[in-house]
Amino acid sequence: MDKPWNNRAWLLVLPVVAIVAFSAILPLMTVVNYSVQDIFGPGQAYWVGTEWYRKVLEDERLRDALLRQMLYSLAVLAIEIPLGVAIALCMPSGKGWRTSLTLVLLALPLLIPWNVVGTIWQIFARGDIGLGGAALQRLGLDYNYTGDPLDAWLTVLAMDVWHWTSLVALLAYAGLQAIPPAFYQAAKIDGASRWSVFRYIQLPKMRGVLIIAVLLRFMDSFMIYTEPFVLTGGGPGNATTFLSQFLTRMAVGQFDLGVAAAFSIIYFLIVLLFSYVFYTFITKVGTGDAR
Amino acid sequence: MSVQSPTADGLPAAPAGTAGPRDRARARVSARGIALVLYIVFLMLPIYWMVNMSLKTNAEILSGLTLYPRNPTLQNYVTIFTDPSWYSGYLNSIHYVALNTVISLVVALPAAYAFSRYRFLGDRHMFFWLLTNRMAPPAVFLLPFFQLYSTIGLFDTHIAVALAHCLFNVPLAVWILEGFMSGVPREIDETAAMDGYGFPRFFLTVFLPLIRSGIGVTAFFCFMFSWVELLLARTLTSVNAKPIAATMTRTVSAAGMDWGLLAAAGVLTIVPGALVIWFVRNYIAKGFALGRV
Amino acid sequence: MATIELRDIAHSYRPDPRGPSDYALRRLSRSWEDGTACALLGPSGCGKTTLLNIISGLITPSEGRILFGGRDVTGLSPERRNIAQVFQFPVIYDTMTVYDNLAFPLRNRGMARPDLDRRVRRVAELLDLTGDLKRRAQRLTPDAKQKISLGRGLVREDVAAILFDEPLTVIDPHMKWQLRRKLREIHKEVRLSLIYVTHDQVEALTFADQVAVMVDGAIVQVGTPQELFEEPAHTFVGYFIGSPGMNLLPCELAEGGARVDGIPIPLPAGPRPDAGPHAGPGARYEIGIRPEFLEIDHLGRAAGNGGAAPGLVPVDVTDVAFLGTHRIVTARLGRHTVKVKLDEGRPVPGDPGLRFPPGRTKLYRDGVLVN
Numbered sequence: 002m003d004k005p006w007n008n009r010a011w012l013l014v015l016p017v018v019a020i021v022a023f024s025a026i027l028p029l030m031t032v033v034n035y036s037v038q039d040i041f042g043p044g045q046a047y048w049v050g051t052e053w054y055r056k057v058l059e060d061e062r063l064r065d066a067l068l069r070q071m072l073y074s075l076a077v078l079a080i081e082i083p084l085g086v087a088i089a090l091c092m093p094s095g096k097g098w099r100t101s102l103t104l105v106l107l108a109l110p111l112l113i114p115w116n117v118v119g120t121i122w123q124i125f126a127r128g129d130i131g132l133g134g135a136a137l138q139r140l141g142l143d144y145n146y147t148g149d150p151l152d153a154w155l156t157v158l159a160m161d162v163w164h165w166t167s168l169v170a171l172l173a174y175a176g177l178q179a180i181p182p183a184f185y186q187a188a189k190i191d192g193a194s195r196w197s198v199f200r201y202i203q204l205p206k207m208r209g210v211l212i213i214a215v216l217l218r219f220m221d222s223f224m225i226y227t228e229p230f231v232l233t234g235g236g237p238g239n240a241t242t243f244l245s246q247f248l249t250r251m252a253v254g255q256f257d258l259g260v261a262a263a264f265s266i267i268y269f270l271i272v273l274l275f276s277y278v279f280y281t282f283i284t285k286v287g288t289g290d291a292r
Numbered sequence: 055m056s057v058q059s060p061t062a063d064g065l066p067a068a069p070a071g072t073a074g075p076r077d078r079a080r081a082r083v084s085a086r087g088i089a090l091v092l093y094i095v096f097l098m099l100p101i102y103w104m105v106n107m108s109l110k111t112n113a114e115i116l117s118g119l120t121l122y123p124r125n126p127t128l129q130n131y132v133t134i135f136t137d138p139s140w141y142s143g144y145l146n147s148i149h150y151v152a153l154n155t156v157i158s159l160v161v162a163l164p165a166a167y168a169f170s171r172y173r174f175l176g177d178r179h180m181f182f183w184l185l186t187n188r189m190a191p192p193a194v195f196l197l198p199f200f201q202l203y204s205t206i207g208l209f210d211t212h213i214a215v216a217l218a219h220c221l222f223n224v225p226l227a228v229w230i231l232e233g234f235m236s237g238v239p240r241e242i243d244e245t246a247a248m249d250g251y252g253f254p255r256f257f258l259t260v261f262l263p264l265i266r267s268g269i270g271v272t273a274f275f276c277f278m279f280s281w282v283e284l285l286l287a288r289t290l291t292s293v294n295a296k297p298i299a300a301t302m303t304r305t306v307s308a309a310g311m312d313w314g315l316l317a318a319a320g321v322l323t324i325v326p327g328a329l330v331i332w333f334v335r336n337y338i339a340k341g342f343a344l345g346r347v
Numbered sequence: 006m007a008t009i010e011l012r013d014i015a016h017s018y019r020p021d022p023r024g025p026s027d028y029a030l031r032r033l034s035r036s037w038e039d040g041t042a043c044a045l046l047g048p049s050g051c052g053k054t055t056l057l058n059i060i061s062g063l064i065t066p067s068e069g070r071i072l073f074g075g076r077d078v079t080g081l082s083p084e085r086r087n088i089a090q091v092f093q094f095p096v097i098y099d100t101m102t103v104y105d106n107l108a109f110p111l112r113n114r115g116m117a118r119p120d121l122d123r124r125v126r127r128v129a130e131l132l133d134l135t136g137d138l139k140r141r142a143q144r145l146t147p148d149a150k151q152k153i154s155l156g157r158g159l160v161r162e163d164v165a166a167i168l169f170d171e172p173l174t175v176i177d178p179h180m181k182w183q184l185r186r187k188l189r190e191i192h193k194e195v196r197l198s199l200i201y202v203t204h205d206q207v208e209a210l211t212f213a214d215q216v217a218v219m220v221d222g223a224i225v226q227v228g229t230p231q232e233l234f235e236e237p238a239h240t241f242v243g244y245f246i247g248s249p250g251m252n253l254l255p256c257e258l259a260e261g262g263a264r265v266d267g268i269p270i271p272l273p274a275g276p277r278p279d280a281g282p283h284a285g286p287g288a289r290y291e292i293g294i295r296p297e298f299l300e301i302d303h304l305g306r307a308a309g310n311g312g313a314a315p316g317l318v319p320v321d322v323t324d325v326a327f328l329g330t331h332r333i334v335t336a337r338l339g340r341h342t343v344k345v346k347l348d349e350g351r352p353v354p355g356d357p358g359l360r361f362p363p364g365r366t367k368l369y370r371d372g373v374l375v376n
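Chains as they are written, first to last, in this note's numbering: chain A, 2 to 292; chain B, 55 to 347; chain C, 6 to 376.
Pulled out of the complex, with its shape left as it was, chain A reads as follows:
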């Protein structure tokens, strides 16, 4: 496993560095620049130090948004990870048409542009012209996602489950398919129950892909913007206003560039920090062995 040391490999990495530097470092520097200055126009900028940061951290609406965001991301993980694993366990294996069809249908929501996902649910969940909303109302529920904050929140959550659980299921399925049949045969000979097979064979072998799944789902749900924007516009009130939407509203809507920039930096750092904590936590807990 010892790879040779070769600094000329840098040449091969250079294009990537160049392109990512262009599309990440330059913009990020602009953001940093904005976050510590007050800019009125070209050439008119004043150093304000950490003022914008202080303002952001003291903003209660932002703290609310952060709390909402964390609650939402945790709900997403708590539903999508177990559900995805359960679906993977139900999927047919082998090479038949059933497998192909299942895979294609499962993957379909992942390939739909995010705003169209919003549109689909916007239509589907309406009480007047949408099947889902109308069905709930027929059942006697007082369901209205445009008026009721809880309904709106639950609808956004349902949409996320609809949209992304497939990703978890496909990852878990890939993990399951990689388990050699001998493991199942040995478990059978050892007299293991169905639960033991899951607990001691399938779950440990899915660990690697589940780490990827948890990280991806956490990051992406933490950055969610388009779908709730289309579905609820962040409302009613601020019930479905998550961090990204809060940010764009601040930057584009109110043109609070300094505060928005400071907020961007904090936002980015939060995602990084959480991802890092998640990653170390999961890799430690899994088997006590970080690899």
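Do not rely on the hints blindly, as some may be mistaken.
[Unchecked claim] For lysine-lysine, the following BS3-like pairs were computed, each having C-alpha atoms within a straight-line distance of at most 27 Å: (1) C:LYS187 to A:LYS206; (2) C:LYS187 to A:LYS189; (3) A:LYS206 to A:LYS189; (4) C:LYS344 to A:LYS189.
[Claimed, not checked] Covered by chain A, per the in silico footprint, the following chain C stretches (three or more residues, Cβ under 8 Å): (5) 75-84; (6) 87-95; (7) 98-112.
[Stated by the list, open to error] Some chain A residues judged to face chain C by a derived CB distance under 7 Å, without partners named: (8) PRO5; (9) ASN7; (10) ASP39; (11) ARG195; (12) TYR201.
Keep in mind that the hints were calculated from the coordinates and are not lab data. Built from N, CA and C at the ideal position, the CB exists for glycine as well.
Start from chain A and add chains B and C according to the hints.
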């Protein structure tokens, strides 16, 4: 060596001829099957509902719920295909998505090779730094991107969107490709070197064909994430490169929402994705594991 | 513990097998006495793993019955058959400690704690795993993992047989013989029936009391390692076992022996082989002799002693390979190549002739040994 064919629950098939356990296994399989079918119905219902609406007139949509169109009409689709401001949205989207996929692959391939084969100064930090870009909220980049691309005169061009999407697609492509490349034994490189292949020739004629399924998977992911993204694409375009997804917001008119047209446009945005999935269906499972299983 | 008996077992992976070529395992009957260490030896695809899986219950045979100690177990699933199996790649429960791995089969069968603890510790001691009991199984070396898989079979008190499916494939070469020796030791101690599938003749011959050689879905010979070496019942056995394998030379029958390319080779006295019930005009004959049994000598000296050279066949030596304790001489006999194993220190004569000792020279008709 073993030729067991596992059943739906992933366990090897119960031996034929054992009446009790086999019936139990079959009952369990069908319970799983029902659960799976129910979930797929849950997935398909909203999509079906949109397809259903796209085939109705607005009058029928607003007059009440019907589970299928009573008077199916293709009028909404005709509108889209005959109005350049509609269909050019599709062409724009496909244009920048293709551009992004090509750029991502071309720059990611050599880098992934370097990461999978060599240690070099700062390699681990670099790899991590690349991945952090996948964690950057696109909303953070809205304004700086807008300013950057306006400044260099690329605003409202396809290449601008393609480059912006590199932000998350290039790190992802490097990551997936590195996984696939690490699966190719290094002896192959050494053998080729002994056979007198120079690096470019070896890379293009020997190495790339070996990881072509990995390249396919990577292209699929780049396509997917570029195709579904709207926030950056909408911000960086106004007319000439405007993506279809952004065009859809036009359906609100003075007369209210044009639901049928909106639904038809939505259905058409699903079609390219569905086609791509159909072509890669046999690689999906492995692809989603990013070559790391 | 029990005798394992196969009655008219055959298996095909196709739902509707037509010809014999559709069968992965052709019809066979065989029984193994309790407590034997038996190896199934053959090239890949010969059906040995299929046979093993039929015995373990992972596959139900298309035809025939299988009995353990007289009890019909054909329809029973593996966990109800009282067998254990060690697979090609170590199967361990990654997240458990070594102790929990060994205890797993017992816990699944609801054994009480004191009993369980006693058995686990005894087996750990037997396998030299006592020091590792508290360690996580995932971090052990492949040979230790393979010992754990074996241990999970040994801990059970109800096990009638332990089956091995090429268990040394992923073990480092220098650990292989240690593990094999351990296996012999354990076999002596516990007297369980062991069935060991391998394509490696050294493994099979050093491990087993009885070796069954398989090819094309059929067992061609069962015997002790010595029998397989000295009396191969089939040309395949001669060719497959031994290094290099048996020399096989197509021949015609003649008075008092055989002729290879017209050169007479003496055969042991006996009834004329072409008079037997299976002999037909189309029968194909070969003589077989192991390189170890061929003698090489000076043509001239032999001729000088007795005029004619009795039993010496002139050959051309084309190659001599030095292999430490012996040499492999390659020689041309008529249109055929023969290999001769020569002890270190014995020179290759300048005018070489080969002697075929009659007791060691075998005659095969259509691949089958003729007595």
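Would the pair LYS206 of chain A and LYS189 of chain A pass a check requiring their Cα atoms to be no farther apart than 27 Å?
-> holds (17 Å)
Coverage of the region 87-95 of chain C by chain A (three or more Cβ within 8 Å) | holds (count 6)
Restraint check for LYS344 of chain C with LYS189 of chain A, where alpha carbons must lie at most 27 Å apart | Status violated; Cα separation ~49 Å.
Per the CB criterion, is TYR201 of chain A less than 7 Å away from chain C?
-> holds (4 Å)
Against chain C, is ASP39 of chain A within 7 Å by beta-carbon distance?
-> violated (56 Å)
Restraint check for LYS187 of chain C with LYS206 of chain A, where alpha carbons must lie at most 27 Å apart = Distance ~30 Å between LYS187 of chain C and LYS206 of chain A Cα, so the pair is violated.
Minimum Cβ distance from ASN7 of chain A to chain C below 7 Å?
-> violated (30 Å)
If you take the shortest Cβ to Cβ gap from PRO5 of chain A to chain C, is it below 7 Å?
-> At about 24 Å, which exceeds the 7 Å cut-off, the nearest Cβ of chain C leaves the hint on PRO5 of chain A violated.
Under the criterion that the straight-line Cα-Cα distance not exceed 27 Å, is the pair LYS187 of chain C, LYS189 of chain A satisfied?
-> Holds - the C-alpha atoms of LYS189 of chain A and LYS187 of chain C are around 26 Å apart, at most 27 Å.
Restraint satisfaction for ARG195 of chain A [CB to CB of chain C, less than 7 Å] = With a closest approach of 12 Å, the ARG195 of chain A hint is violated.
Against chain A, does the region 98-112 of chain C show at least 3 residues with beta-carbon separation below 8 Å?
-> That given contact holds, which follows from 6 residues of the region 98-112 of chain C lying within Cβ reach (below 8 Å) of chain A.
Residue count check for the region 75-84 of chain C against chain A: does it reach three with CB-CB under 8 Å?
-> holds (count 3)
Hint check: violations occur at hints 1, 4, 8, 9, 10 and 11; the rest are consistent with the structure.
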